[in-house]
Amino acid sequence: MYGALWRVLPGPWWLRVLMLLVLAAAVLTALVLWVFPWVDQFVTPQDVTVEEP
Amino acid sequence: MSIEQEPTLRTRKRAPRVSVIGVLGELFITTGVIALLFLGWQVWLGNLIEGNTQTTEALQLSQSWRDDKAEMVTVPAGREDPGPPVVGVAPANAVQFANLIVPRFGADYVRPIAEGVGTRDVLRVGVGHYPGTAMPGDVGNAAFAAHRTGLGSPFFDIDKLVVGDSIYVETEAGWYRYLVRGLEYVRPTGVGVLNPVPQYPDAQPTDRLLTLTSCNPIYTADERIILYAVYDTWYPRAEGAPEEIAALMTGAG
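Taken in sequence, the protein lines are chains A and B.
Letter 45 of the first sequence, counting from 1, is numbered 45 in the numbering used here, and no numbers are missing.
Letter 85 of the second sequence, counting from 1, is numbered 85 in the numbering used here, and no numbers are missing.
If you are wondering where the hints come from, they were derived from the structure by calculation, not from laboratory data.
Heads up, a few of these hints could be off.
As the list claims (entries may be wrong) - Away from chain A, derived, C-beta distances all over 12 Å, residues of chain B:
no., residue
1, E26
2, W65
3, V73
4, V89
5, A92
6, A107
7, G128
8, V162
9, D165
10, L183
11, R187
12, P188
13, G190
14, R224
15, D232
16, E243
Stated by the list, open to error - Just a few of them, taken from the derived set where beta-carbon distance is under 7 Å, the chain A residues facing chain B:
no., residue
17, Y2
18, L21
19, T29
20, D47
21, P53
Think of the CB as a built atom: it goes at the ideal place given N, C-alpha and C, for glycine as much as any other residue.
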């Protein structure tokens, strides 16, 4: 999968590394800004209240 | 490449460029890394962002109670007794009606308080006021809940409070000052801490108390950590903000 990605990218090795870094940064940004907040609403947070049994 | 031109090696089977097992393995590793990133986001980056959002909302709330942009007066320490505090009426569920200000949690610490302790509608966005408990400043026990880790961590440092620390509750009427009395640890079913006189279901309240509840031990929820504070005084809004938190409050406008 990642090997194939490496092979389809054009250019010399340093350009490919650069493109992969940009791609990784874009993925990370998308995760932090949209994916994680969206997933978080389905995660049950810890209880902090006292309640009748 | 020269080595592939050798007749003896030409017939050697080349490994497929993409194998099912290989892709599956890479997917698993990727999923694991993303799950770890999510955990890090929950306790650190997302937590910071949500905490900042709560502070911004609280300061907006505070500003909305100021009728004009006039410079806020700071109440001097040796002032006259303002008399018994004005007590508000509890609003509808999930409506923000107060701010919690705890100098021990940091000079910029202020978080909004909404009515109710709903997991989704209230506790995700700040501090919750237990319905049916006293309102801030009233005789009895005003009880609040909030998260200790994640979702902005309003009560992250609850165990760092020491006896005599100030806790302020800001409402439209002004600022109520409570002084920390002590901590208690109970089971999640220990509702006695919400009684008008905590742990005494039948006692008639004479004191004005404030109770905070959160989860304990930190990062888990086996127990509840309870903080008690006792009413000290109040500062009517017209007279200005208390000196201890004046910088935070005037920075709001």
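Comparing the hints with the structure gives:
For B:E26, the condition that its CB be more than 12 Å from all CB atoms of chain A is violated, with the nearest at approximately 4 Å. Against the 12 Å criterion, B:W65 stays outside the reach of chain A, whose nearest CB is about 27 Å from its own CB. The claim that B:V73 is not at the interface with chain A holds, since no C-beta of that chain comes within 12 Å of its own (minimum 36 Å). Interface exclusion of B:V89 from chain A stands, the closest Cβ pair being 22 Å apart, more than 12 Å.
For B:A92, the condition that its CB be more than 12 Å from all CB atoms of chain A holds, with the nearest at approximately 19 Å. Chain A leaves B:A107 outside its interface by the beta-carbon criterion, the shortest separation being 25 Å against a cut-off of 12 Å. A Cβ of chain A approaches the Cβ of B:G128 within 12 Å, the least distance being about 8 Å, so the stated non-interface status is violated. At roughly 22 Å, the least C-beta separation between B:V162 and chain A is larger than 12 Å, which holds for a residue marked as non-interface.
The claim that B:D165 is not at the interface with chain A holds, since no C-beta of that chain comes within 12 Å of its own (minimum 20 Å). Against the 12 Å criterion, B:L183 stays outside the reach of chain A, whose nearest CB is about 14 Å from its own CB. The Cβ of B:R187 sits about 8 Å from the closest Cβ of chain A, inside the 12 Å cut-off, so the non-interface label is violated. Not every beta carbon of chain A lies more than 12 Å from that of B:P188, the smallest distance being close to 6 Å; the non-interface claim is violated.
The beta carbon of B:G190 is not kept farther than 12 Å from every beta carbon of chain A, the shortest such distance being approximately 5 Å. At the 12 Å boundary, the C-beta of B:R224 falls inside the reach of chain A, the nearest C-beta of that chain being 5 Å off. Non-interface call for B:D232 relative to chain A: holds, since the shortest CB-CB distance, roughly 25 Å, exceeds 12 Å. With a closest Cβ-Cβ approach of about 31 Å to chain A, B:E243 is found to remain outside the 12 Å limit, as its non-interface label requires.
Hint on A:Y2 holds. Least Cβ distance to chain B is approximately 6 Å, under the 7 Å limit. Interface hint at A:L21: violated, since its Cβ lies 16 Å from the closest Cβ of chain B, which is beyond the 7 Å cut-off. Proximity of A:T29 to chain B is violated relative to the hint, the smallest CB-CB distance being about 12 Å (cut-off 7 Å). Look at A:D47: its Cβ gets to within about 5 Å of chain B, closer than 7 Å, so that hint holds up.
With a least beta-carbon distance of about 4 Å to chain B, the hint placing A:P53 at the interface is held under the 7 Å criterion.
When held up to the earlier numbered hints, the structure conflicts with 1, 7, 11, 12, 13, 14, 18, 19 and fits the remainder.
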